[in-house]
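Colleague: So you can see what is in the structure, the chains are spelled out below.
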Amino acid sequence: DQQVKQNSPSLSVQEGRISILNCDYTNSMFDYFLWYKKYPAEGPTFLISISSIKDKNEDGRFTVFLNKSAKHLSLHIVPSQPGDSAVYFCAASDWRDDKIIFGKGTRLHILP
Amino acid sequence: DVKVTQSSRYLVKRTGEKVFLECVQDMDHENMFWYRQDPGLGLRLIYFSYDVKMKEKGDIPEGYSVSREKKERFSLILESASTNQTSMYLCASSLMGSSGGEQFFGPGTRLTVL
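Those protein sequences? They're chains E and F, same order as listed. The numbering used here puts the first residue of the first sequence at 1, with every later residue one more than the last. The numbering used here puts the first residue of the second sequence at 1001, with every later residue one more than the last.
Don't read these hints as lab results, they were simulated from the structure. Idealized CB from N, CA, C, for every residue including glycine. Be a bit skeptical, because a hint or two may be false.
What the hints assert, rightly or not - Derived DSS-like pairs: lysine-lysine, alpha-carbon spacing no greater than 27 Å straight-line:
#, chain 1, residue 1, chain 2, residue 2
1, E, Lys5, F, Lys1057
2, E, Lys37, F, Lys1053
3, E, Lys37, F, Lys1057
Stated by the list, open to error - Covered stretches of chain F (in silico footprint by chain E; criterion: 3 or more residues with CB under 8 Å from a CB of chain E, positions within the stretch not fixed):
#, region
4, 1045-1054
5, 1104-1114
Stated by the list, open to error - Not close to chain E: a few residues of chain F, all C-beta gaps over 12 Å, as computed:
#, residue
6, Lys1013
7, Lys1018
8, Gln1037
9, Glu1062
10, Gly1063
11, Tyr1064
12, Ser1065
13, Ser1067
14, Glu1072
15, Arg1073
16, Ile1077
17, Glu1079
18, Gln1085
19, Met1096
Sequences and hints are given; from them, build the entire structure.
Modeller: Listed below in structure tokens is the structure:
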């Protein structure tokens, strides 16, 4: 039973355009959401997060949007750059626990 | 700057061997985690620990055990390695009570079991 779902295994976007990565969750107790980025042969690194009391958080080229009623969040990357090519993991946590539940990841390819 | 190190980047073992994967963090974090990453399956939690000598099973603990004798060190043990344990193993740490807080990951160990 997947609590965090990333339904697109891969996504290709032209350099300079907007990349939109989507994530859905099922557990209404989740109150914090994170995005991690992973390059091959490296550990994931934290990218951006959002609390459930907000609907948007922005950090440079990265913006995360949260729609609690739809149990959906998205990561926007504008403009997309070649170094953004990586696997992106959506993750969520419940205030009662220090664990993070990860989605299966979306591989983003930025095309020249 | 948080640093999580793992003892090996690449490891090749034979079926039936006992395998130790070591993880050390230098930020005095209470929480430590072991995940495995497989294509199409994402990051799956094997075991985690909230304190020294404490351990909790994650989603896929079968075939694994862990040891946490010191706060900074968390070991993953494959008692008798099997080919289906060929995977990328990732260790992470975080602060206690950091619900929703960032986990810091090591570089990973790619284990191949022949």
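Colleague: Compare the structure with each hint and give your call.
Modeller: Evaluated hints:
1. E:Lys5 / F:Lys1057: Holds, because 22 Å separates the two Cα atoms, which is no more than 27 Å.
2. E:Lys37 / F:Lys1053: 31 Å, violated
3. E:Lys37 / F:Lys1057: 25 Å, holds
4. 1045-1054: holds (count 3)
5. 1104-1114: holds (count 6)
6. Lys1013: Correct as stated: the minimum Cβ-Cβ distance to chain E is 19 Å, above 12 Å.
7. Lys1018: Its Cβ never comes within 12 Å of chain E, the nearest being 24 Å, so this holds.
8. Gln1037: Given that some Cβ of chain E is not farther than 12 Å from that of F:Gln1037, nearest at about 8 Å, it is violated.
9. Glu1062: 18 Å, holds
10. Gly1063: At roughly 20 Å from the nearest Cβ of chain E, F:Gly1063 sits farther out than 12 Å, so the non-interface label holds.
11. Tyr1064: Since the minimum Cβ distance to chain E is about 17 Å, F:Tyr1064 lies beyond 12 Å and the statement holds.
12. Ser1065: Consistent with the label, F:Ser1065 stays out of reach of chain E, its closest Cβ about 19 Å off (over 12 Å).
13. Ser1067: At about 19 Å from chain E, F:Ser1067 clears the 12 Å cut-off, so the statement holds.
14. Glu1072: 17 Å, holds
15. Arg1073: 17 Å, holds
16. Ile1077: 20 Å, holds
17. Glu1079: Answer for F:Glu1079: holds, closest chain E Cβ roughly 24 Å.
18. Gln1085: 19 Å, holds
19. Met1096: Contrary to the label, F:Met1096 does not stay out of reach of chain E, its closest Cβ about 7 Å off (not over 12 Å).
Taken one by one, the earlier hints fail for this structure at numbers 2, 8, 19, listed in ascending order.
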